[in-house]
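There are 2 protein chains.
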Amino acid sequence: MTQWVYTFGDGSAEGRAEMRNLLGGKGANLAEMSSLGLPVPPGFTITTELCTEYYKNNRTYPADLAAQKQAAIAFIEKIIGAKFGDPANPLLVSVRSGARASMPGMMDTVLNLGLNDETVEGLATLSDNPRFAYDSYRRFIQMYSDVVLEVDHYHFEELLELAKEDKGVQLDTDLDGDDLKKLVGQFKAKVEEELGRPFPQDVHEQLDGAIGAVFNSWMNDRAITYRKMYDIPESWGTAVNVQAMVFGNMGADCATGVAFTRDPSTGEHSFYGEYLVNAQGEDVVAGIRTPQQITIVGKEKQNSDLPAMEEVMPEVYQQLVDIYQKLEKHYRDMQDIEFTVQNNKLWMLQTRNGKRTAAAALKIAVDMVAEGLITKEEALQRIEPESLDQLLHPTLDPKSEKKVIAKGLPASPGAASGQVVFSSDEAEEMAKHGQDVILVRIETSPEDIHGMHAAKGILTARGGMTSHAAVVARGMGRCCVSGAGGIQIDYKAECFTAGGKTYRKGEVITLNGSTGEVMEGRISTIQPKLSGDFGQLMQWADAVRSLRVRTNAETRLDAKTAREFGAEGIGLCRTEHMFFDPTRITAMREMIVAEDKEGREKAIIKLLPFQREDFTGIFEIMDGLPVTIRLLDPPLHEFLPHTEEDMLAVAKGANISVEKVKARASALHEQNPMLGHRGCRLGITYPELYAMQARAIFEAAVAVQQSGKKVLPEIMIPLVMFKEELVRLKQLVIEQAEAVFAETGMTVEYLVGTMIELPRAALRAGEIAEEAEFFSFGTNDLTQTTLGISRDDAGAFLTHYQDLGIIEKDPFATLDQDGVGELVEIAVERGRKTRSDLKLGICGEHGGNPASIHFCHQVGLDYVSCSPYRVPIARLTAAQAALKNKAALKAAA
Amino acid sequence: MTQWVYTFGDGSAEGRAEMRNLLGGKGANLAEMSSLGLPVPPGFTITTELCTEYYKNNRTYPADLAAQKQAAIAFIEKIIGAKFGDPANPLLVSVRSGARASMPGMMDTVLNLGLNDETVEGLATLSDNPRFAYDSYRRFIQMYSDVVLEVDHYHFEELLELAKEDKGVQLDTDLDGDDLKKLVGQFKAKVEEELGRPFPQDVHEQLDGAIGAVFNSWMNDRAITYRKMYDIPESWGTAVNVQAMVFGNMGADCATGVAFTRDPSTGEHSFYGEYLVNAQGEDVVAGIRTPQQITIVGKEKQNSDLPAMEEVMPEVYQQLVDIYQKLEKHYRDMQDIEFTVQNNKLWMLQTRNGKRTAAAALKIAVDMVAEGLITKEEALQRIEPESLDQLLHPTLDPKSEKKVIAKGLPASPGAASGQVVFSSDEAEEMAKHGQDVILVRIETSPEDIHGMHAAKGILTARGGMTSHAAVVARGMGRCCVSGAGGIQIDYKAECFTAGGKTYRKGEVITLNGSTGEVMEGRISTIQPKLSGDFGQLMQWADAVRSLRVRTNAETRLDAKTAREFGAEGIGLCRTEHMFFDPTRITAMREMIVAEDKEGREKAIIKLLPFQREDFTGIFEIMDGLPVTIRLLDPPLHEFLPHTEEDMLAVAKGANISVEKVKARASALHEQNPMLGHRGCRLGITYPELYAMQARAIFEAAVAVQQSGKKVLPEIMIPLVMFKEELVRLKQLVIEQAEAVFAETGMTVEYLVGTMIELPRAALRAGEIAEEAEFFSFGTNDLTQTTLGISRDDAGAFLTHYQDLGIIEKDPFATLDQDGVGELVEIAVERGRKTRSDLKLGICGEHGGNPASIHFCHQVGLDYVSCSPYRVPIARLTAAQAALKNKAALKAAA
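Chains as they are written, first to last, in my numbering: chain U, 1 to 893; chain D, 1001 to 1893.
The reader is advised that the hints may include incorrect statements.
[Claimed, not checked] Calculated from the model, a selection of chain D residues having no Cβ within reach of chain U, i.e. all distances over 12 Å:
#1 E1053
#2 G1081
#3 D1202
#4 V1321
#5 N1353
#6 H1450
#7 G1617
#8 A1651
#9 L1675
#10 G1679
#11 T1685
#12 E1757
#13 R1760
#14 T1786
#15 H1800
[To be verified] Per the computed footprint, the stretches of chain U lying under chain D, defined by three or more beta-carbons under 8 Å from a beta-carbon of chain D, are:
#16 88 to 95
#17 236 to 244
#18 262 to 269
#19 325 to 334
#20 399 to 407
#21 722 to 736
In short, the hints are calculated from the structure, not lab data.
Only a predicted model underlies this, so the values are computations on that prediction, with no experimental measurement involved.
Every residue gets a Cβ at the ideal spot worked out from N, C-alpha and C, and that includes glycine.
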C-alpha cells in the first residue's frame, strides 16, 4: 500500500525536511518544524505522488486514499480536541498547495473549511464571538466558491458592498454578527442561483472539493506560466496540506504575520517582518492593508506610526525571535516564515528558504561563512549565477538631476526607466516591440506575472515589502517600488496622479528600487560599484574552479570592462566589426568590388594600419593574457554599399564604374549566406585578405611586446570543414609571422587554431587537430548547422515550438547537449587523442549560459568565453560546476 | 637494390600482366605477350616507381639506374643482333610512356631513337633503302625536337613544305632519299638555330632525353586534365617502355595497324581493325591518312575501295587472327592490339583491354558468358555503371524528317544536336553557359579533350574509327562522326561547307553516331529500345544485389519510366512540385497569405482533390510497390506570387487586400531559407496543411485499393530534428488515416517515417526510431548542414576548392563519406538498435551515384532511390557492391 498521506503535529511528524520532493516544500517544512517541537497546528500532507497519480488517472483518486485521509483527520481531531463537522465542537481546517519549488500565489488555498450552517453556530458559541464565526463563514463561502465551485468572487464583493451601503457604513468591520449572518444567507443563495445547487454543507464533500481544486490549480494558466519562467517541470506535481485552522482574526490578541530572518533586500543581518493585528490568512501578503513592522528597529527605519509587534506583544515576539533563530540555525539559511497569533498563542504556519535579491544573497552567503554557519563551498552554491547580472548593471547617476514625484517602499533594488503602462497584457505587448515599460498597478496579483516579467520595473500604490509585487519582483530581479501611497491610479483613464500632476500611459518615469523613489522622465545611469562581498565570493569561486573564463571583445572598452570583471583573456575577438567604421568601410568595399588580385591588394593595404591599431589597443589592455583573434568570417556582401552615395564612393575609390559596383554587389548576393562564401572560404579565395590581417596582428604584437608588455596572440581560422583548408591558411599565417619577425628582428609566441563550428569539423577533429593548436567551439554556428536552424529565421517557429513543449529551451541560449553537445564531446575526444595538449574553449553565446558552462566543465574544456558582463556569472558557474563534479565523484566513490 | 628495369623479348620476360601497377599497362602486357611466345620486339620497361622517385627527387634519377639500363640495352642488342649507336649495324629503339591506366595520346613518344649522322648511313646500307633511312632520320629529328628539345614542330613542317614546293611535288612520298637527306640537314640547322647547340648525336644522350621527356609528360596539362577527368591519382606515375624498333614503312611488304578483337562500337563478335601499308607508328591513330580495313567483311561493310589486309597479306593476316584469338582467350576480354609488319614479318607492339561503347561492353560481357569465357559475376563487374547512361538516352526519331548534309564513320554511337563550334575552348565556354554544342574539327588531338568533354557530339572531317576523336569519344560516351570527308572546314571563317551549303558557328546540326549521318537543324528523339543483353545483365544484377533500388518520382510519367527501368518502388515522391501547377498555385498562395487557421483551412480544402488525384495516379502505376511520399518541405515563400497580376489573383481568392498579400510575402522573407521555416516545421505550425496531405494520400490509397490494386504508402516527415516533432505529426497522420478508414470502411497498410537530413537527427536516431518506422537519408540537406555549404551558393568557392585540391569531388555529387557518411553510419547503428526492422534508404542525389551506392551497401541500407534514368545504373552498382563485399569477405576469411 502506498502511503499517500503524512501527518504532523504535537511535536512529531511522519515527514522530514528532506522529503520535499514527496511532500512539497511547505509540507516537508511543516513536518520538520513539528519534529523540532515548534508550535505547528496539526495537519497532514497529501503527497505530490498522489498529484501525479491523479493526473495519470484522468483526475481521479486511488481507492486507498479515503481511509488514509480519514485516519489523518482523526489524528488532527485527537490533538485539537474537536471533531470535523461536529456542530458543537467543530474542527476547521485550511487546505493549501505546496509544490517542491515555491510558487507563491500561483495555486489555490481554502481557509476555514469545515464550516456549515450548523458548525458556524458551534464556532460562535465556543468563541463566544458570533461576529467572528459568521465573518469566518462568509469568507469561507467566498473563497470556496471562487476556488472550488468557480463562482466569480465579484458576485460576493457586490453583495458585501450592498450590505455596507444598506447599513450606511464604509468598512467591513462596521458590519456586526447579524449583518454577516444575513450576508451568509445571501452568499449561499447566490451560489445556488449560479450553480443550480446549494452550497455544500457536508464537510467531507467540502474537503474533497478543496483538495481537488488544489490539484487542479497545478494546471492553471498562472501556474503553467510560472513553471515555464522558472524551469519547473510539470511532472513534479504539487502536494496538498490540510491543517487545523488557527485564527489571527479573533480579536486584538490575535495577529498574523510574515517575516524574514535577514533583510531579503539587502541581506543585512536583522530580523525583518510585517504583521497585522486581528487579521486572517493572506491579508498581509495580499497587500490590502499596509502592515505594521514586527521590530522596533524596523518601525523606525520605515518611519511608521503603527506600533511594532515587539511593543504590542512582547512575549509572543520573544518567542518568535527564539524560533526564527532556531530555524535559521537548523536550516543554515535565511528563512521566510509565516505565523499566526491566536489569543496570544503563537503558531508557526510555514518556514522556507527566503527569496532574496542578488545583493542580499551575496551578503547572506558571505556573512554566514563568517558566522561559521556554512562553508565557502556552500556559499558558492547558494548564489544563482544568473542573479549576479542584477549587480552588474547600471544604477542611477546620483549627480543627475531628478524630480521625485512619489516615494514608496524599496521593494526590489535596481533602477529602471520606461513608459508607464497599466495592464500586464499591454506591458507584455509593448515589451515585445522592444519598448521599455514600467508596470503601474494599485496592487499586483498572480495574474500579473507575465506583465511583471515583461516590465523593466514595477510600481504599486499599495502593499508592503512582503506584498506579492515585492516578493515576485525580487525573485525576478526586477526593480520594484511598492506601497507608494502618494499616487492615485485611474485604470480607466490610463493615468496616475502624483504630486498634483497627471502621468498618462506612454509617459516615461524612472524607479529607484533601492530607495523607493519614483521620478519623472528618464534618469541617466552609472556603472555599479561592486561590494567587497562580491569580490570575496569571486575569489572563492576562482579558487575552486578549473574552467578558465575569457571574454568576447573587440573594442578597448569591452576588453577593459571584461578584465575588470576578471576575464582571463579574450576568447573571441571578431575582426569584422572593425571594418564597419566609416573611415574603413570604403576601403573594405573597394577590396570586395575589385576585379583581380592586384585591385584587392591595393584596397587591402589601406586597411592594414587600421587593423594594426585595433590589435595594438587590445594587446596593450590584455597584457599577459591570451587574445584569440578570429580572421574575417562573414559573407562579403555584408560589407556592400547599399545607398547610391556609398556606391559612388566605392566606385571612385576603386576607380571603376558605379555599374560595376552594382553588378559586383548583385553577383555577391547569396541564397543562404550563412552557408555561403564566408569564413575561411574567404581566406582560401582571397588569401591576400587573411594575409593582411595576419600581418596586422604580428606588427601589433611586436610593437606592444617592444613596449615591455606580454602578448599572447592566438590566431583563429573560422568555419573550417576540411583539414586542408587549415593547412593552407596556417601556412599563410606563418609566412606573415616570419616576414614580420624578420623585418623587426623580434619574435612573438603565437598559436594558430580553428573554430569548430560545422558538424563535419567536429567529426573530423582528429585530423584537424594535426594542424590546429587550439579549438574554439563556435556553438552559434554549430547549433545552426546541427539543427538546421538559422537564428535569423527561427522566430517564425521556435517560440511556437517552445509553447508546444517540443523544445524546452531556446537552443541558441542554452546549448542543446543531446545534439550539438554530442558533437562537442566527439570533437574534444578526437582532438585530444591527436594532440593531448590541444587547448579547448567555447566562444558561442553559450559560453555565458550557466547550464551550458556546466556542460563545458563536464566535457573538459579549458575555458569558456562570454560577453564582458557575463564574466562573473561564468566564474561562479564554473566554480559550481567544479563543486558539483566533486560531489558526484564523491558520491560515486 | 631496387629493380628499376624489367626486360622482355624472345619468348620470355621479367614482368607479368599482373604487374601493371609497377610496369604500367603497356609494359605489363608486352611482358605477358613475350612470355606467351608472341612476336614482340625485345625491350625493357622502366618502372612507375622510378617515376615517383624521379619526381620525389626533383626530377633526378637514382644512381643505380644507369647500370640497369645499360644491361637492358645489352639484352636487346643480343636478341636483335645490332648495337645501339653502332654506325654499321645500329639498334634503333622506340620510347613510349605506359601508365597503370590507359591515357591515350596524353603523354609523349619518340620513335627511331638511335639515329645520328653515322648510324643513318648504316641503316641505309643495311636496308638498302637510303630514302627509308633518311625519312626515318628526319621523322626522328622532328619528333625528338618537339618532344624532348621543345622546338616547335611547325618549324619542321614549314621546311618540309618548302622542300616539296622547291621540287614542285605535293606528297611527302614524292621526295626521294637525297631530298630527305638535304631536309635532315635543314632540320638540324633549325634545331641549332633555335637552341644554340646542335642536335644530339650521342645515342645515350638521346635515350636519356627521351626517357626524361616521357616522365615529364606525366605532369603536362593534357595529362593532368585527363587524370582529373578519369579520377587517376597523380601518385601512380608512368612507366617508360624502350623497345627495339620495327618498321612498317620499309616498303610495300610493310604495314602497321590497330585492331579490336570484337567491334568496339557494337560489341559484335567479329575481328575489326584498320591498317596502312608502308606506314610508321602513329599514322593510323593520328587519322592523317584514311586507313584500310583488315578484314574483307570490314571492307565491304564500309564500302571501301582499298584492299583489306586479308587480301593483301593473307599469311600475315592468318597469323594475326591466331594471335588475337589467343590473346582474347588469355586475357578473357576484348583486346585492342597494335602491330607492325616489317618485310612480311608480324610484330606485336601492344595489347590491352579495348575501350568500348556501353552497348559494346554490354554485348561483349553477355556474349562472353555465353561463350563460357567469363562468369556472370565477372560480366557484371565488366560494365562501368555510369556508362549505361549512354544506352538509356534518346536516339533520333526515325519518323522525323531529316536533311542529311554529310556522312562519315559511325565512330561513337548516340545522337546529339547542338550549335556548331570550331574550337575546344569555345565549346567549353558555351557549354558552361548551358548551351548544347557540337565540336567540329578537321581532326582532334589530345589538346581537344576538354572541348570534346564539353560538347554533346564531335564531328571530324578526317580520321577513321580508331582515330583520336573516335577512341576518346567512345570512352567518354560522346556521340561522334569521324572522317566525314564531304565537309570542308574553314577555322578562320568559323564555318564549314557541306552539300554546297555553308554552316556558320552557332547554327544547329544533329549527329547520328550510330550511322555516321550529319543532319541540318535539330531532329526530334525517341526513347531507346533496350537490348536483350541489357535485360539479361540486369537480371543477373538483380540476382546478386541485396540493396533495393527505388526511384525519385512525382509524376505518372516518371513513375512509369522508372518502373520500366526496374525501380522497386518510389523512395521519394515530393509533394511540393504538385503545387506549382497554375490551376493549383493560387489556392496554395491563398493558404499562405491567410491570417488564421480558418482562412488556411478554407484554402487548403481546395487543394485536397488535386493532391488526391496526384497520389491516385502514382499508386495505380506503382501497384504492389511501396511509395514514399514526403509531406510539404520547402519554405512557404517559394510559392509566393511575384508579379502584380499573381498578387491580385491571390488577394481576390483569399478575399484580402493586395497590400496584405504583399505584407505577408515580405514577412515570409527569410535570410537563410534553407535553415528556415520549412520541412516539418510547417507541419507543426500549420497542422491543417499536413492533415490535408495525409487525407489526400489515404483517400487515394483507399480508392486505388478498391480498384483491386495493392497500395503501400509510406508517409515521410521531412527535416525532423527532435523526436517530439515526429510524435506530433505521426499522430496527425494516424488521425487522418483512421478518419478516412472509418468513412470508407476500408483500411490500408501504411508506414510513417522520417527523413534524416540534419546532423541532430542522425545523432538522435536512436530516439527518433522509437517513432519512425523508416528512415530515408536526405543526403542533399545533410551535406549542406554537415559541411555548412548551401548548394545554391557553393559555386563561388567550391570549384576553386577542387582546383586547389582541397576537396577531391563535389560533395553534392559524391557523398562525403568521412563527414556526412559518418553521420549516416551513426544513424543506421542507433536507429537499428532501437528498431531492428527499421527500413533504411537514401533519397538524396547520391542515391544514383555509384561511389555513394557502394557506401550505402556497406553501411547496410535497404534501398537507394534515384532519378528514373539512373535506376539501371543503381541496380548494376548495387550488384557490384555486393560482389565486392563478397570478395572482401572471402579475402578476409
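Here is how each hint holds up against the structure:
1. E1053: The claim stands: E1053 (chain D) keeps its Cβ more than 12 Å from every Cβ of chain U (closest is about 25 Å).
2. G1081: holds, 56 Å
3. D1202: Consistent with the label, D1202 (chain D) stays out of reach of chain U, its closest Cβ about 44 Å off (over 12 Å).
4. V1321: Fine: 53 Å to the nearest Cβ keeps V1321 (chain D) off the interface.
5. N1353: It holds; N1353 (chain D) is separated from chain U by about 35 Å at its closest Cβ, greater than 12 Å.
6. H1450: holds, 23 Å
7. G1617: holds, 32 Å
8. A1651: holds, 22 Å
9. L1675: violated, 4 Å
10. G1679: violated, 8 Å
11. T1685: T1685 (chain D) not clear of chain U: closest Cβ-Cβ about 5 Å, inside 12 Å.
12. E1757: violated, 8 Å
13. R1760: violated, 4 Å
14. T1786: violated, 5 Å
15. H1800: Since the minimum Cβ distance to chain U is about 6 Å, H1800 (chain D) lies within 12 Å and the statement is violated.
16. 88 to 95: n = 0 at 8 Å, threshold three: violated.
17. 236 to 244: violated (count 0)
18. 262 to 269: violated (count 0)
19. 325 to 334: Result for this restraint: violated, n = 0.
20. 399 to 407: violated (count 0)
21. 722 to 736: holds (count 4)
Going down the numbered hints, you'll see the structure goes against 9, 10, 11, 12, 13, 14, 15, 16, 17, 18, 19, 20, while the others check out.
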